[in-house]
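Protein chains in written order, with this note's numbering: chain Z, 5 to 304; chain A, 5 to 304; chain P, 5 to 304; chain S, 5 to 304.
In short, the hints are calculated from the structure, not lab data.
What the simulated footprint calls covered on chain Z by chain A, stretch by stretch (three residues with Cβ under 8 Å from a Cβ of chain A suffice, anywhere in the stretch; the number is not a length):
id : stretch
1  : 205-219
2  : 225-235
For each label pair, taking beta carbons as the anchor points, the in silico distance ranges come out as:
id : chain 1 : residue 1 : chain 2 : residue 2 : range
3  : A       : 73        : P       : 245       : 40 to 46 Å
4  : Z       : 60        : S       : 83        : 22 to 28 Å
5  : Z       : 295       : A       : 195       : 35 to 41 Å
6  : A       : 132       : S       : 167       : 30 to 36 Å
7  : P       : 130       : S       : 244       : 48 to 54 Å
Quick partial rundown of chain Z residues pointing at chain P, CB under 8 Å, derived from the structure:
id : residue
8  : 123
9  : 127
10 : 133
11 : 154
12 : 271
13 : 275
14 : 279
From the three backbone atoms N, C-alpha and C, an ideal C-beta is built for every residue, glycine too.
Protein chains: 4
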Amino acid sequence: MSSTQSTAGAGQGATHSARLLISCPDGPGIVAAVGNFLVGHDANIVTSAQYSTHPAHGSFFMRVALYLEGLAEDAERRAAFESDFSVLADRFQMTWRISYEGEAKRAYVMASREDHCLADLLWRHRRGELNMDLLGVISNHEDFRTDVEAIGIPYHYVPVTRDTKPVAERRQLEIIDGGADVVVLARYMQILSGDFLRRVGCPVINIHHSFLPAFAGAGPYQRAYERGVKLIGATAHYVTEDLDEGPIIDQDVQRVGHDYSVEDLIRVGRDVERVTLARALRWHLDDRVLVHEGRTIVLM
Amino acid sequence: MSSTQSTAGAGQGATHSARLLISCPDGPGIVAAVGNFLVGHDANIVTSAQYSTHPAHGSFFMRVALYLEGLAEDAERRAAFESDFSVLADRFQMTWRISYEGEAKRAYVMASREDHCLADLLWRHRRGELNMDLLGVISNHEDFRTDVEAIGIPYHYVPVTRDTKPVAERRQLEIIDGGADVVVLARYMQILSGDFLRRVGCPVINIHHSFLPAFAGAGPYQRAYERGVKLIGATAHYVTEDLDEGPIIDQDVQRVGHDYSVEDLIRVGRDVERVTLARALRWHLDDRVLVHEGRTIVLM
Amino acid sequence: MSSTQSTAGAGQGATHSARLLISCPDGPGIVAAVGNFLVGHDANIVTSAQYSTHPAHGSFFMRVALYLEGLAEDAERRAAFESDFSVLADRFQMTWRISYEGEAKRAYVMASREDHCLADLLWRHRRGELNMDLLGVISNHEDFRTDVEAIGIPYHYVPVTRDTKPVAERRQLEIIDGGADVVVLARYMQILSGDFLRRVGCPVINIHHSFLPAFAGAGPYQRAYERGVKLIGATAHYVTEDLDEGPIIDQDVQRVGHDYSVEDLIRVGRDVERVTLARALRWHLDDRVLVHEGRTIVLM
Amino acid sequence: MSSTQSTAGAGQGATHSARLLISCPDGPGIVAAVGNFLVGHDANIVTSAQYSTHPAHGSFFMRVALYLEGLAEDAERRAAFESDFSVLADRFQMTWRISYEGEAKRAYVMASREDHCLADLLWRHRRGELNMDLLGVISNHEDFRTDVEAIGIPYHYVPVTRDTKPVAERRQLEIIDGGADVVVLARYMQILSGDFLRRVGCPVINIHHSFLPAFAGAGPYQRAYERGVKLIGATAHYVTEDLDEGPIIDQDVQRVGHDYSVEDLIRVGRDVERVTLARALRWHLDDRVLVHEGRTIVLM
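Next comes chain Z alone, as it looks inside the complex (with noise of 0.2 Å):
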């Protein structure tokens, strides 16, 4: 159990070479397990985060960031390492994956006509505070292409009807071409297929503009103005085929007050719904989220 309670993203720590992500059963000698094997690639662990449901009979997860000289350089290094991990992996029945510095992971972006999130995280990207490499911009609309285009990224519009929808989606599968690690809605205002989800071949995050489970759905702003709440959020978490019930991967509120308009809950709304967008992908960058049993574990 490691507490992971962050308001702002945990810190970046020192310069490692991989990162270890690993989910399985509990039970005796894991952590030595790894250590030893660490130990002896001559690997020297730079931090590690792990969580048990149960110490006995639970889950656990664990990550591992390590420093081994030349390791992240050497394809051929990196598959051996690999294929002496899997051994030990198969012994405790590990799902696991590895990161290597270097790597960024392969993004897109889908995006309709708010662009508070979309600006954010280009301007997030331009100064290096997401480890990924931005494939591309994928839109409904042409509204930010001049934006998107000017810092070199493709903008591919695809319009979206009710009754295009299938032929939207196949579009925009035919864009990212498996090619993805991640898509992030940033307020992309289009509900994607359970098709779409399953043929993407990568997780996809998004932004919802409640403080989930409240006000799931449309118009979450007016309806938090009709119920008069004291706290407006938004709630960044992985897609599911059943709206606003995925993961959630990060949630943060901002307090408004009678006062405010359903504009005004927008307007206040829109910080609070980048910032918890940018962490949210941050952490799923920086390999620090597990999903178990519906729910995220956050590694930091």
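Since chain Z is already given, all that's left is putting chains A, P and S on it; use the hints.
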């Protein structure tokens, strides 16, 4: 329109003699008329806050704390002041009430077996933080009799079972006997009937242990755990017949992580609940809260 | 006394024609007099907020947003309205100013090599969140010329070295030429001289990257790291000759942990800085901020 | 490196038998060695958190909660376990300590005339939130004797004047008599001498009523008022000879407005102080806090 988004409760401000709380259809001249009335009665405005849903055809809400030497202490002058004001009030179709300095509101607290909100209210009461005359604690358990009686507050044990609820409510109403200005449900775990609410003769404030409208009803921390939310909350609201649907006075949240068990959420939630309830009660006791179309207006 | 503790910026409220901002010695009849004046001129009060340091012998502050058909558009009526009001103002020794709807404040932004505050202000400006006419960006570096000019804002490069600072400030004053209502230091890393501040002819707002008065001066994140604080902050304040001692408009903080390097603090701090600066600037542009005895009064 | 930025206190997690807290120079093989040691002793890791200032030549910190049937209850096994571990510890030059489940830390609370922190600690103690054996309350006033003795805690009145301070400290040390694991200053308004701190034989935790390093020393709320800060805070820290300079365990803040008097700041601050102190104490009692170069490392 006046902003009220306090996270703490407003400042107390200077000494005043009385507080006027006004609702009426908006229209020209209200502020001037109230101002002129006060000038004409040699009263100074200590603080004033107002809010209008729409300047032309909306509803207008105003809270004025005023200073008038000798007013609060002299029943005859108070009656004359009120009589004069009612003429003005009629002209603008005002709903209004006035409270005088030194007039503590009469309160009952109802509790069950969780003592964190009760203990907190008792401590604040002793400390003089809450401008109330605490007439008694009513509980469906005997657990806190010693603590409550130790500080000189009557303790009324009224057991409740499913079958005896109507009898219990009659007993509770007998105890309160129309003599309360507010009833506070400090984690009282029984649902009060519409009949009780109509007959108790004063507002009832409840603390719900979730960020409403999320997790209305029973077991909110268990459900928050299962949904995997990253913030847990508490909501203080006026009680209506629709469970957990009453006007929200205040809300707050606290960050939690995947490693929080349901028991951890309950523990952390206790701190959020007691602070949120105390703040909402304080605003109510200070005549800051008005209800309009199911939402509260909190005038600071 | 009116509470102003927003964490978000207040609601915008209904349409209004003008905003009156008033300071004067407190005394009886001010509110009534202002109310009567407005009724007499057929103006509706849209919102009103006030604060008094002491009702008998203190200072009184008031902000009124008013609606008066046709006023904002008609220069002659505006002049007559102001002339009439000045009679009232003289009676109560008021310092006052009035802003009309549609009259954006003229602003210059000064920046150095950190773009997060600048980029955020530019985005909010394009988005229409800030009621300002952005006349230009002045920088001691060329870094952001392309970004700024791309959206049609003039970019002025004025290099500064220790020796050339007086020359540079003269050049900056020539550019501004007394034509600004506010100058915003969006992480401008040069200290402005008292001479500059006296001659610029408008308030200057700075964002300091710490929770003042902690870590005033240079290198706040480094010092925050060394002290081991658990929250880092940002402070937006009016600039005075005493470095980082000017009246605070707003502050905010973000939680950090022992595992945050100085670089992590800087990264997390960027989000706090840009939001805090934007909020403070917005309040200033909306005529909500008054200064009294080195403290700000923010009327919501 | 493990993130610890809780705003609430971490989750409690599953049952464990003992907690190991380790500091040592970082280097290869530590985690593996600890893991192997535990596997070899049939102990399961329940939770583990670690932090390294630098993976190659830094300092390494680790907290392990472990489960080993029967260990906590059997003094002989404990001694053997510790003896075995000390061999490992020597190899890695570890400073370490171990706490067993069921072994509450022995605590004294010192207070003066403000009861909010004291009352809160007493309530949490009764409630079972704090894993401590509260041996007594020491105060330089008689005010809280009744409250403290009512729940069976010894109350020691030790008056202090400027002249009698050395005598008073000797008396306090006699009471504590080397028998405490922690002393908590719950708004104890006397400065403890370096001599006292050296002789008390355990860490001393203080709550300072400001966001340190802002407003160190006396009268923080008065000075916060005068500076016009928009957030007030509290800081829980280990006491060192340098007043308010000790390692910070936790901090929190609350938003305030221009209309808050000094008394309002004090009132609002009470809620921040008591929650911050309780959280810091809880982390200390759960063996989560290490000190390194004047900063705390809080392992969750």
